[in-house]
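Visitor: Listed below, chain by chain, are the residues.
There are 2 protein chains.
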Amino acid sequence: MPTPQNTRTLRFALLAFFSLIVFYKVYTSAYDTKVPLPDVAEIQRAQRLAAAANTPAKDTTVNTPAGFPQAVFPGERANATFVTLARNNDIWEIAKSIRMVEDRFNRKFHYDWVFLNDQPFDDDFKKVTTALVSGTAKYGEIPKKHWSFPDHIDQDKAKQVREDMHKKGIIYGDSISYRHMCRFESGFFFQQELMLDYEYYWRVEPSIELYCDIDYDVFKYMKDNKKNYGFTLSLYEYVETIPTLWNSVKTFMKEHPEHIAKNNGMQFVSDDAGVNYNRCHFWSNFEVGNLNFWRGKAYTEFFNRLDQDGGFFYERWGDAPVHSIAAALLLPKDEIHFFNDIGYYHVPFTHCPTSEEDRLKLKCTCDPKKNFDWKGYSCTSRFFEMNGLVKPAGYEKQMD
Amino acid sequence: MPTPQNTRTLRFALLAFFSLIVFYKVYTSAYDTKVPLPDVAEIQRAQRLAAAANTPAKDTTVNTPAGFPQAVFPGERANATFVTLARNNDIWEIAKSIRMVEDRFNRKFHYDWVFLNDQPFDDDFKKVTTALVSGTAKYGEIPKKHWSFPDHIDQDKAKQVREDMHKKGIIYGDSISYRHMCRFESGFFFQQELMLDYEYYWRVEPSIELYCDIDYDVFKYMKDNKKNYGFTLSLYEYVETIPTLWNSVKTFMKEHPEHIAKNNGMQFVSDDAGVNYNRCHFWSNFEVGNLNFWRGKAYTEFFNRLDQDGGFFYERWGDAPVHSIAAALLLPKDEIHFFNDIGYYHVPFTHCPTSEEDRLKLKCTCDPKKNFDWKGYSCTSRFFEMNGLVKPAGYEKQMD
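Going line by line, the protein sequences match chains A and B. Heads up: the first sequence runs through residues 26 to 425, numbered per my numbering. Heads up: the second sequence runs through residues 26 to 425, numbered per my numbering.
These aren't lab readings, by the way, just hints derived from the structure by calculation.
Any copy will do: because identical chains look the same in the list, a pair fits if it lies in one copy or spans two.
List of simulated lysine-lysine pairs, PhoX-like, C-alpha gap at most 20 Å:
no., residue 1, residue 2
1, K121, K394
2, K416, K386
3, K400, K416
4, K394, K152
With the rest of the complex left out, here is chain A (with noise of 0.2 Å):
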């Protein structure tokens, strides 16, 4: 009769021949990077958080420890990094986003992280966002070319502008430092050094939510598929910060007739081919797109082309129409990703997944009723439409 005793040493001894053949085919696999490596990440975060603390501030380069691997598998995940601008005294409201993104994607893989702000960042800001990232987090201040009024810009009537909205109520209307934010998002993150290493980035801001499980690579999606551009929430600009955009992209358009894709996403910025803007765009505060495409030369002479009119400081452009129109006009419409699957929000608009089947599978917490897609101010329909997709089982219903 078998002894307890002998019972566990013949339990060991089978559990122990089957994780052997696991471990084998584990560790010959040539792509998994699910396999969680928790004591090698609790090492590095240490001694990344080591670093930190007595680092003295370097706010123009790098903020991490030599040595350290840029990924746990190279080769095997794609060349990607977080960005963030940020200032000091976002640190709690951007410590709740990267919480958000680590629990639901990052803790799996270990993405980098980049905070980019036209101030130094301080030693409370790095330390608890280094703490926080699991991945390595990098910290850059942007240079002042990328954060100034160019030359060409006339300071008076650039002020008149900024009076004459503010009298409107517009939003940000009188603010400076938006439009140096709108015009960095437009045409200078991916360009600062820290960005120059990767080819992928997702866009995070403070205080956003993710509400449901992301257990596969986003950024190896984008890479496997020919995604260059991928979004969560669309919706219509105002109107008032953009009126003479859609002028610029026409006169680019004149000039540069060889950047527009074929297959292109006009259908989704325009209702009458390239007549008029119908205001729709990406929401950018979410994004995950190939740093290339902006780094492209469509894209800069695209770019060059709006800078030169002067419309972020003489209008107030947001990055949100910029990326967007650029993305529909310059890459083939098959090349924008709609991440059905990322629950996000951030203040005031939700997206939730439509069917409940794929809430419960990805274990979303967010309420379906909030979702934005299919209510009336929202983008996301003509999406759907240009491209043929099918909407979800219950759309109706969300409606308003």
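Chain A is fixed; fit chain B onto it per the hints.
Guide: Below, chain B alone, put in the same frame as chain A:
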């Protein structure tokens, strides 16, 4: 010279050898709750999800698949559960709380979760919460006798009190259901059929936040350290809701001196050795405790005295002062534990560890300036003074 293939085989052999040693250690260890079992948990969760989707409503009993093991490592964890009193329309607020508790703690431990309601839970509530809980989710309907007026209550007198309190603008002063809730949490949550299987509980309310990683087994900690009641926040009660509570407590103390513990925590609840109540109480929307303490003779007689005196209906006694006074008088003071390492928020108060070192180590995302512990309306200083604990460095800076 070693070929790459040889090197790889050698590396595998070495890794396999060390892995076997580690595996044997873990397997034979008497206590290691941190071994991740993602596959088992995933399968079990999928099973539960499927079961929840297919099981008809059985609100008075357990909605959990038969044969589902209660613990992954029976005997190595505490016998414990989360417990939540909720209504069906709390679904998204409780989903947020579960997500928090799972992310910061329970995804590593898979403890069960008991949901209680005075009405039957609907399918939506059960599906969403079952999907989120990494242990077994159970749903109980509270029996009428635990959620109604006892026979000895004079309904006219109780009604008059509600009208008077409403006129005085006392929060929930005119609410019947709030009173049932306070009496239920005071006297009956630990008596529910589903709760009888457990020794320890952690009470969770809708819309809480947990700010810091909890990497150890909180329930095991309670058991191993002979703690019977744990809190994160303490404060003063509104005197209008409990004018005669202390009279009832004094009656109990006279009737049952045998139940008053040696080395009790009287100093926490009274500044004059028991003549008057100082209104200090542990904030009971967070509680980790021993169910057998509430089920024991001392507390049963304490609750019965209070219930007989009628203050749940003739005043508006809350379960927080009732639990707190009982814990202070019926337990030795060293059996009450302050969970400094559990960063916590319930509108409108925050507990955030005072020490920066702790916050970074535990990856806390709370703003230390919001920590309530040392502010004038908190009683936590008294708890420290009673126990001769040294307040953390920097506490003076958080006093207002």
